[in-house]
Amino acid sequence: TQLLEQSPQFLSIQEGENLTVYCNSSSVFSSLQWYRQEPGEGPVLLVTVVTGGEVKKLKRLTFQFGDARKDSSLHITAAQPGDTGLYLCAGVDSNYQLIWGAGTKLIIKP
Amino acid sequence: ETGVTQSPTHLIKTRGQQVTLRCSSQSGHNTVSWYQQALGQGPQFIFQYYREEENGRGNFPPRFSGLQFPNYSSELNVNALELDDSALYLCASSQGGANQPQHFGDGTRLSIL
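Residue numbers (my numbering), protein chains in the order written: chain A, 546 to 655; chain B, 27 to 139.
Fair warning: there could be bad hints in the mix.
[As the list claims (entries may be wrong)] Which bits of chain A does chain B cover? Going by a derived footprint, with three or more residues having C-beta under 8 Å, they are:
1) 600-607
2) 621-630
[Unchecked claim] In the DMTMM-like style, the derived pairs of lysine to aspartate or glutamate whose C-alpha atoms are separated by at most 25 Å in a straight line are:
3) Lys39/B / Glu586/A
4) Lys604/A / Asp638/A
5) Lys650/A / Asp111/B
6) Lys601/A / Glu562/A
7) Lys602/A / Asp628/A
8) Lys654/A / Glu560/A
9) Lys650/A / Glu560/A
10) Lys650/A / Asp132/B
11) Lys39/B / Asp110/B
12) Lys650/A / Asp628/A
13) Lys650/A / Glu101/B
14) Lys654/A / Glu599/A
Please keep in mind that the hints were generated in silico from the structure rather than gathered at the bench.
The structure presented is a predicted model; accordingly, all values stated were derived computationally and were not measured.
All residues carry an ideal CB built from backbone N, CA and C; glycine is no exception.
Put together the whole structure using the sequences plus the hints.
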């Protein structure tokens with residue numbers, strides 16, 4: 546069974562600070578997706594990374610896929626209260642199913 | 027375009043009962059996936075339907091079953107409800123499989139008493 550480990554599970558920081566969330570596995574994924582979920586809502590796709598070593602930027606968010614396609618990171622620069630939410634990574638496995646991490650709950654304090 | 031809608035938004039059942047949850051997929055999407063999300067956890071894949079056929083199943087017992095209709099809407103049925111079935115049930119539609127962007131509804135919160 547492929548597993549995705551996310552860390553940290555919980556992070557509470559001040560507005561303006563930087564942070565990094567990690568998503569690790571011992572298995573290779575054909576692609577990896579990052580989502581953000583707010584209370585009472587479904588996850589919303591932020592980005593998909595496909596190529597080993599790929600880096601994608603979405604405003605202040607930078608996503609990287611590991612060279613071996615087993616891990617990924619999400620870096621937020623100058624975090625804002627609007628970034629608060631549950632960040633989830635999900636990898637596409639060999640059966641073309643999404644394997645999900647448990648999520649990182651992020652709180653940005655004004 | 028209309029997004030993914032799920033009904034009902036909340037539901038309370040007792041152990042042993044049966045439940046049907048519904049999902050209308052986004053316009054143009056032919057694939058629907060169902061997930062169970064326990065409190066504080068990531069979603070767990072239940073199954074996927076593509077053009078009315080089951081196209082992959084996660085580690086869930088047979089009492090979890092589903093349907094997809096010609097308009098690509100879908101139902102999730104759960105029989106013999108157990109306390110551990112209490113969770114948020116999410117439906118996601120896409121144009122193709124898991125490697126395509128998944129568009130989620132806001133889920134049905136199911137509570138089992």
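Tested hints:
1. Under a criterion of three residues with beta carbons nearer than 8 Å to beta carbons of chain B, the stated coverage of the stretch 600-607 of chain A fails, only 0 such residues being counted.
2. Chain B is given as covering the stretch 621-630 of chain A, and this is violated because 0 residues of the stretch bring a CB closer than 8 Å to a CB of that chain, at least three being needed.
3. Restraint check: the Cα-Cα separation between Lys39/B and Glu586/A comes to about 21 Å, which is no more than 25 Å; the hinted pair holds.
4. Taking the CA atoms of Lys604/A and Asp638/A, the gap is near 28 Å; set against the 25 Å cutoff, the hint is violated.
5. For the hint linking Lys650/A to Asp111/B, the alpha-carbon distance of about 23 Å falls within 25 Å, and the restraint holds.
6. Proximity of Lys601/A to Glu562/A is assessed by CA-CA distance (about 20 Å); at most 25 Å being required, the pair is judged to hold.
7. Distance check on the hinted pair: Lys602/A and Asp628/A sit about 15 Å apart at the alpha-carbon level, within 25 Å; holds.
8. Between Lys654/A and Glu560/A the alpha-carbon distance is near 6 Å, which keeps this suggested pair within the 25 Å criterion.
9. At roughly 15 Å between alpha-carbon atoms, Lys650/A and Glu560/A fall within 25 Å of each other, so this suggested pair holds.
10. For a cut-off of 25 Å, the pair hint linking Lys650/A to Asp132/B stands: about 18 Å separates their Cα positions.
11. Note on Lys39/B and Asp110/B: the hinted pairing holds, with a Cα-Cα distance of about 12 Å set against a maximum of 25 Å.
12. Between Lys650/A and Asp628/A the alpha-carbon distance is near 11 Å, which keeps this suggested pair within the 25 Å criterion.
13. Annotation: proposed proximity of Lys650/A to Glu101/B is violated, straight-line Cα distance about 30 Å (limit 25 Å).
14. The straight-line distance between the Cα atoms of Lys654/A and Glu599/A is roughly 31 Å, outside the 25 Å bound, and the hint therefore fails.
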